[in-house]
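Please take these sequences and the hints and turn them into a complete structure.
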Amino acid sequence: MRENCVRDTEISLFGNVMDNPVIPASGTFGFGYEFRDWYDISILGSIALKGTTLEARYGNPLPRIAECPAGMINAIGLQNPGAAAVKDVELKKLKEVYPKKVIANVGGHSFHEYVETSRILSSADEVFAVELNVSCPNVEGGGMAFGLDEGILEELTRAVKEASLKPVIVKLSPNVTDITKTARAAERGGADGVSLINTLVGMRLDLKTARPIISVGRGGYSGPGVFPVALNMVYNVYEAVNIPVIGMGGIMTAEDVVEMMYAGASAVMVGTANLIDPFAAKKIIEDLPRVMEKLGIEKLEDIIGRAHKWSTK
Amino acid sequence: MKKEILTVEENRRLAADIFEMRLSGTSRPEPGTFLEIAVDGFFLKRPFGAAGWSDGIVTIYYRVVGAGTEKMAALPAGTKAEALTGLGHGFDFGGTKKPLIVSGGLGIAPVKYLAEEFYARGIKPVFVAGFRTASEVILRDELEKICDLRITTDDGSAGYNGNAVMYLKDNDISFDRYYACGPVPMLKGMKAYSEKGELSLEARMGCGFGACMGCSVKTRSGYKRVCREGPVFEAGEVIFDA
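In order, the protein sequences belong to chains A and B.
Position 233 of the first sequence, counted from 1, bears residue number 1629 in my numbering, the numbering being contiguous throughout.
Position 67 of the second sequence, counted from 1, bears residue number 180 in my numbering, the numbering being contiguous throughout.
Hints listed in this document are in silico derivations from the structure and should not be mistaken for laboratory results.
Honestly, I wouldn't trust all of these hints.
[Stated by the list, open to error] These stretches of chain B come out as covered by chain A in the derived footprint (C-beta under 8 Å, 3 or more residues): (1) 153 to 162; (2) 304 to 318; (3) 324 to 331.
[What the hints assert, rightly or not] Straight-line distance between alpha carbons at most 27 Å, and here's what the computed BS3-like set of lysine-lysine pairs gives: (4) B/K116 / A/K1489; (5) A/K1489 / B/K337; (6) A/K1678 / B/K193; (7) B/K193 / B/K237; (8) A/K1489 / B/K115; (9) B/K331 / A/K1489.
[To be verified] For each label pair, taking beta carbons as the anchor points, the in silico distance ranges come out as: (10) B/G154 / A/S1506: 56 to 66 Å; (11) B/D130 / A/P1465: 21 to 31 Å; (12) B/V297 / A/R1584: 34 to 44 Å.
For every residue, glycine included, the Cβ atom is placed at its ideal position computed from N, Cα and C.
As structure tokens, this is what we get:
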């Protein structure tokens, strides 16, 4: 093996060239700049911002977190300061410590809210794409409700596409019978890409009282336990659509990144890993060249969808 | 905030299900801040208020409430544990001349450390320590040396018969600022008793350093994270749910 062999981790997403495919997932990284207290975040490929709604939201009552053997359940409920504050305050703070372009994540309770929030956030110079959160299981009458019905999802995607000044990514829910159907609906609506998976609806109960630990009963399960489920869904969606797929769900290591890209991911989002180790995304990025070298991969972009040369029928 | 590998120096039972753990390998924490400790086999780190520090060794107290803390209780000296240290925002106590310290149950941990800081500055605080019952009373000898200690128990089996807030209402104690930590009903009671103080809150946390928004509480100036802007808040700031 040659020493100092340059391993090319660069990828391109909707024309935005990224040093590496690693993006902290929405909801696990705040608005990014606070992670500057741990490390120099400019190494990150991009950042997906905390889910944002038109107006500020407090979210759900506490407790919002429950532990699981290989992950956690959260029911934050889209706590955020509202679209205008994100554009004018949070994005400016982030720009001071992160020079690259980011992905704005948009939540909502109505077509109007999704459209207007997308319009506002896509107009920020720092944003290169908008990610539609139609898969948040933690907001009553909103979020996931828009992501389960193919007709509604297609229509919503089309409405947001018309308003957005930047490419639109639809973040898909795994809480469906066949995720390739919602993926295709997003594509029909004009989505530039899809990201998957959001969390799986889950529940934990207190052993003494039998009461749900999460205040609102259930929440979204994430962490390494969901990785095989996510990988399978990314694999299936890659075959179903002709737009880029961003893979996420339980990625903890650089090896997981390679596996997710084999399945068809053009880029990856790292979520829950950031919450148990603030250095997780940094470690994954630093480990990638070593893992690529071990596997004989010279250019990371070459491996996207490599698993599909093998028949799984 | 730092990620560090700590070493268990001592891990001993103080009362029925209450333990003291002393860990080396970290620098001096600010009183009121906390650390999170990874327990092998459990996904989330566990948050504990820094309850003392000397010669590079930090003290924590914990109650065995589930499988994670049960496993902690069995850790022998010498065990290495990954930890995030120096988390949160602690007490503001620099200008306080006549402090009143109030605790409920294991809420005694961070305010015991604060009492030690006051004592080191030549100030002996009044310390009202509430417990459920006599068998759960801990740290009496240590605190009697450095505080004007008043013990209360809910069942009257030791000290004053009642909780810490009831004790304060029954006794006229003068102070210029109080520092309280304990269960939510007690903190609500403290806020109603006086807003001239600080409350240290507890919450189920995801990350412990501000990323997940799992521990946000309402305050007069918007929502704040117990793990980042807290766990210590001005009493007048916190808005408790009815």
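If you check each hint against the structure, which ones fail? 7, 10, 12
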